[in-house]
Amino acid sequence: MKGTVMSQRVKVDAPAATPPEGGPRNPLSSLLRSGLRIRALTGADWFSALAALALLIAVIGLMNPAFLNSTQLINVVQQSVYIALMAAGIAFLVTQGEVDLSVAGNYVLTGIVASMLIQGGMNTWVAAAIALGCAVAVGALNALIVQGIGINSLIATLAMGWVLRGLAAALSEGKQIIGMPVDDAFFRILGGEKILGLPVSVWILIVVISALTVLLRSTPFGYRVREIGSNEDAARFAGIPVNRTKTLAFLLSGGLAGLAGLLGLAFFTSGDPTSGGGFELFAVAGAVIGGNPLTGGTATIFGAAIGAILLKTVGVGLVYFSIPAVWSQFATGAIIILAVSLNGLMARRKQRRRET
Amino acid sequence: MHAFEAQDIRKSYGGVHALRGVGLAVRPGSVHALLGENGAGKSTLVKIMTGVTRPDSGVLRLDGREVAFANTAEAAENGVAVVSQELSLFPHLSLLSNLFPMREPRKGLLIDKREMLRRAEPILDQLGVDAAPGTLVQELSLADRQLVEIAKALVTEPRVLLLDEPTSALEGGATDRLLDILRVLRSRDVGVVFVSHILQEVMSVCDEVTVLRDGAMALSADPIANHSVPTLVKAMIGDKVVATETVARTDVAELAGTAEGALVVDGLALGSGVHDVNLTVKPGEIVGLVGLAGSGPTDVLRALAGIVKPTAGTVTLPGGRPAPKGHRAHVAAGVAYVSGDRRRYGLMLEKPIWENMVQVRSMGMSRDGAFLRKGALLERARGHVARVGIKVGSLEDDVSSLSGGNQQKVVMAKWLDNAPSVLLLDDPTRGVDVGARAEIHGLLRGASNGGSVVLMCSTDLEEVVAACDRVVVFYRGRPVAELVGPQITTRTMLELVNTGAPEEQAA
Numbered sequence: 001m002k003g004t005v006m007s008q009r010v011k012v013d014a015p016a017a018t019p020p021e022g023g024p025r026n027p028l029s030s031l032l033r034s035g036l037r038i039r040a041l042t043g044a045d046w047f048s049a050l051a052a053l054a055l056l057i058a059v060i061g062l063m064n065p066a067f068l069n070s071t072q073l074i075n076v077v078q079q080s081v082y083i084a085l086m087a088a089g090i091a092f093l094v095t096q097g098e099v100d101l102s103v104a105g106n107y108v109l110t111g112i113v114a115s116m117l118i119q120g121g122m123n124t125w126v127a128a129a130i131a132l133g134c135a136v137a138v139g140a141l142n143a144l145i146v147q148g149i150g151i152n153s154l155i156a157t158l159a160m161g162w163v164l165r166g167l168a169a170a171l172s173e174g175k176q177i178i179g180m181p182v183d184d185a186f187f188r189i190l191g192g193e194k195i196l197g198l199p200v201s202v203w204i205l206i207v208v209i210s211a212l213t214v215l216l217r218s219t220p221f222g223y224r225v226r227e228i229g230s231n232e233d234a235a236r237f238a239g240i241p242v243n244r245t246k247t248l249a250f251l252l253s254g255g256l257a258g259l260a261g262l263l264g265l266a267f268f269t270s271g272d273p274t275s276g277g278g279f280e281l282f283a284v285a286g287a288v289i290g291g292n293p294l295t296g297g298t299a300t301i302f303g304a305a306i307g308a309i310l311l312k313t314v315g316v317g318l319v320y321f322s323i324p325a326v327w328s329q330f331a332t333g334a335i336i337i338l339a340v341s342l343n344g345l346m347a348r349r350k351q352r353r354r355e356t
Numbered sequence: 001m002h003a004f005e006a007q008d009i010r011k012s013y014g015g016v017h018a019l020r021g022v023g024l025a026v027r028p029g030s031v032h033a034l035l036g037e038n039g040a041g042k043s044t045l046v047k048i049m050t051g052v053t054r055p056d057s058g059v060l061r062l063d064g065r066e067v068a069f070a071n072t073a074e075a076a077e078n079g080v081a082v083v084s085q086e087l088s089l090f091p092h093l094s095l096l097s098n099l100f101p102m103r104e105p106r107k108g109l110l111i112d113k114r115e116m117l118r119r120a121e122p123i124l125d126q127l128g129v130d131a132a133p134g135t136l137v138q139e140l141s142l143a144d145r146q147l148v149e150i151a152k153a154l155v156t157e158p159r160v161l162l163l164d165e166p167t168s169a170l171e172g173g174a175t176d177r178l179l180d181i182l183r184v185l186r187s188r189d190v191g192v193v194f195v196s197h198i199l200q201e202v203m204s205v206c207d208e209v210t211v212l213r214d215g216a217m218a219l220s221a222d223p224i225a226n227h228s229v230p231t232l233v234k235a236m237i238g239d240k241v242v243a244t245e246t247v248a249r250t251d252v253a254e255l256a257g258t259a260e261g262a263l264v265v266d267g268l269a270l271g272s273g274v275h276d277v278n279l280t281v282k283p284g285e286i287v288g289l290v291g292l293a294g295s296g297p298t299d300v301l302r303a304l305a306g307i308v309k310p311t312a313g314t315v316t317l318p319g320g321r322p323a324p325k326g327h328r329a330h331v332a333a334g335v336a337y338v339s340g341d342r343r344r345y346g347l348m349l350e351k352p353i354w355e356n357m358v359q360v361r362s363m364g365m366s367r368d369g370a371f372l373r374k375g376a377l378l379e380r381a382r383g384h385v386a387r388v389g390i391k392v393g394s395l396e397d398d399v400s401s402l403s404g405g406n407q408q409k410v411v412m413a414k415w416l417d418n419a420p421s422v423l424l425l426d427d428p429t430r431g432v433d434v435g436a437r438a439e440i441h442g443l444l445r446g447a448s449n450g451g452s453v454v455l456m457c458s459t460d461l462e463e464v465v466a467a468c469d470r471v472v473v474f475y476r477g478r479p480v481a482e483l484v485g486p487q488i489t490t491r492t493m494l495e496l497v498n499t500g501a502p503e504e505q506a507a
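Line by line, the protein sequences are chains A and B. For the first sequence, full-length UniProt numbering begins at 1 and goes up steadily by one. For the second sequence, full-length UniProt numbering begins at 1 and goes up steadily by one.
Possibly wrong hints are sitting among the right ones.
Computed beta-carbon distance windows for the label pairs [claimed, not checked]:
| no. | chain 1 | residue 1 | chain 2 | residue 2 | range |
| --- | --- | --- | --- | --- | --- |
| 1 | B | Asp398 | A | Asn64 | 43 to 49 Å |
| 2 | A | Gly150 | B | Thr231 | 55 to 61 Å |
| 3 | B | Asp398 | A | Gly150 | 30 to 36 Å |
| 4 | A | Leu158 | B | Thr311 | 23 to 29 Å |
| 5 | B | Pro105 | A | Leu338 | 52 to 58 Å |
| 6 | B | Arg54 | A | Trp203 | 52 to 58 Å |
| 7 | A | Leu338 | B | Arg103 | 35 to 41 Å |
| 8 | B | Pro105 | A | Leu158 | 40 to 46 Å |
| 9 | B | Thr231 | A | Gly97 | 47 to 53 Å |
| 10 | B | Lys282 | A | Arg244 | 34 to 40 Å |
Hint data in this document are derived by calculation from the structure and do not stem from the laboratory. Ideal Cβ positions, reconstructed from N, Cα and C, are used throughout, including at glycine.
Put together the whole structure using the sequences plus the hints.
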């Protein structure tokens with residue numbers, strides 16, 4: 001219906017349809033290309049989150065210059081690693097119109113399972129592998145309930161989160177699991193060691209984000225994820241295995257929550273059944289703010305991580321603004337609502353600009 | 001005196017002139033045809049006349065008085081109702097509730113259901129809607145939904161009614177009833193604007209005709225008596241040379257896979273009541289399946305695609321392989337199912353053109369390995385643009401920016417990309433203009449010449465005449481007749497689908 005193009009002219013005009021990117025390399029076209037690249041950069045889904053993060057750091061730094069030191073900034077990123085990993089996993093689901101709210105429970109349970117096995121004398125790495133396997137199995141269980149039985153993932157994974165957290169509390173009898181061999185390589189390397197000035201956990205985040213970005217952008221699985229979110233019926237009709245793709249995304253989300261749990265255990269050196277409070281909210285909100293709309297179809301893993309770091313920075317910033325501790329949960333919640341609303345308004349404006 | 005008049009309407013979208021000073025004047029008690037190819041500006045004009053969009057300039061006059069509608073509700077209050085191309089019903093509400101959106105008759109605070117029934121029943125009877133008023137809309141057939149959409153416009157007792165391609169989803173009988181209703185409306189002094197692709201309908205029911213071409217006037221309120229189908233087609237397309245004749249696109253032949261032998265269907269039966277279907281389709285022929293809605297053709301096509309599971313019988317794919325289980329396995333085995341419902345089953349509208357084109361082969365089937373290079377995918381898509389003859393600006397544009405005909409060609413390209421040896425097409429040119437339709441038929445012929453088995457359904461019998469070598473006619477769930485070559489005429493098929501040809505049944 002759109003456009004006034006008449007199809008009869010096609011035969012004459014078809015060669016002209018070749019887009020310019022293959023054109024000759026002259027200064028003008030290369031200038032045009034770099035211009036296009038800048039526009040592509042600023043127009044990318046994660047750009048506004050990154051800009052907001054930079055602005056926030058600048059504002060906190062202005063009010064309190066002590067914030068702007070590399071140790072402090074690296075600390076913020078280090079503390080963001082757990083929710084950033086979860087947000088990255090959730091991005092694969094949100095894009096397909098699903099969600100995983102069991103990530104916080106999975107995070108806690110992984111830490112408890114690993115720490116109890118270690119406490120019982122098992123090799124740390126074997127214990128970590130077993131706990132990670134459990135986390136992936138939780139993902140499989142989520143997929144089974146959502147795909148197999150056909151329960152909405154919102155309610156299914158929300159309840160699963162309670163189950164996992166409850167299981168963690170029961171296994172640990174509500175107490176912290178302590179007495180970890182903190183000199184063991186697992187705790188030394190993953191817990192605090194730095195390479196080139198960055199903690200190993202931050203390097204792990206960087207590697208995971210890069211790998212997942214390649215997975216999302218350049219593999220059939222990544223395309224399938226985004227295409228299912230764009231039009232599930234059409235994707236199914238095109239031979240895309242929708243159930244299998246969603247199942248893999250649930251496994252991925254479970255595995256990443258498990259990885260976060262292990263990194264948390266290594267850092268805090270104890271299994272804590274009460275940790276990870278509100279992580280699912282931070283992970284989902286981070287993914288959305290970073291450029292993974294709940295309407296699906298587009299995704300950015302980098303954005304999800306940036307969104308998570310942004311939210312963590314807000315939390316740290318509250319301390320710098322000397323907000324009383326009793327008000328911090330209120331403030332954090334309010335800021336998430338604000339950030340998601342701004343994000344939604346901007347997305348709508350972008351949509352409208354595209355339509356006119 | 002005109003009941004409703006649009007004068008010198010201009011409208012552009014982001015620099016593209018959709019309408020460049022067009023007008024339309026409807027007399028009370030007349031049916032006025034509004035024609036034009038896809039993209040000529042018909043829908044834009046209808047939207048402007050019913051308050052959906054605002055024109056950049058120009059005036060609307062209702063009984064000579066200048067008006068400006070803020071939205072369709074305001075237009076309806078002023079007696080201007082519209083039946084739009086896209087259905088706008090609430091599937092979870094009853095048929096009756098759908099007739100009175102936001103204007104339910106009330107008794108105090110409560111909705112007056114009796115009054116609703118009193119007003120709706122005569123209209124539903126007239127339209128031949130058999131479903132009870134309490135039926136949920138989601139349980140209705142597509143054709144019934146379309147009739148409900150029309151009833152919704154009629155309950156407002158409009159003085160001017162605009163119908164934007166209302167018969168595209170209707171079967172023969174329902175179309176006839178609709179055309180009768182238009183005649184009744186005319187006798188009641190209602191001014192009707194009728195937008196349609198089907199020129200026979202226009203010739204049979206309309207009094208005057210306005211034709212748009214590229215957003216400008218080609219014919220203005222000309223009496224239909226001055227015209228025939230060829231003169232209308234000429235007005236719509238102008239002096240351009242139009243390939244209404246099917247010309248096989250040989251460059252498509254190299255894309256399509258070669259079928260090693262025929263597709264054989266033996267004693268197929270389906271849960272929907274289809275039974276005793278025996279069918280052999282050889283490579284190189286295009287076979288059409290026709291019948292009234294629910295009589296079988298579409299179900300058979302879906303069964304051949306693996307979407308519907310047969311309850312009995314066997315299907316043998318070319319090369320003697322038994323048909324696998326499930327839709328995806330069929331795609332992998334070289335079966336392509338092209339739906340006319342491209343918005344729902346064919347395209348990801350918000351994704352770029354190139355991504356849509358490579359979807360089946362590279363993503364659905366992972367036939368290009370575990371690592372996809374965008375450059376290679378773009379290159380392949382670019383080749384398809386040339387071969388299939390798609391008019392695009394940039395391959396990076398969203399596929400939604402294309403016209404209906406070009407969108408459907410993208411759907412064709414994405415299936416040809418997977419080198420299918422069996423092409424199944426369900427209404428492949430729905431809502432596509434004359435020229436693009438002929439080109440799509442050219443693609444089918446090219447694929448067929450290249451050795452594919454091609455099987456299609458269509459609600460448009462003209463299309464079947466134009467595209468098919470052989471036609472199998474269905475009646476009440478089973479094939480009753482077969483037509484070959486010159487036997488394939490609209491008239492013969494119409495008779496057969498409605499009567500089932502008793503002499504064949506006796507044999």
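Index of numbered hints that the structure contradicts, given in increasing order: 4, 5
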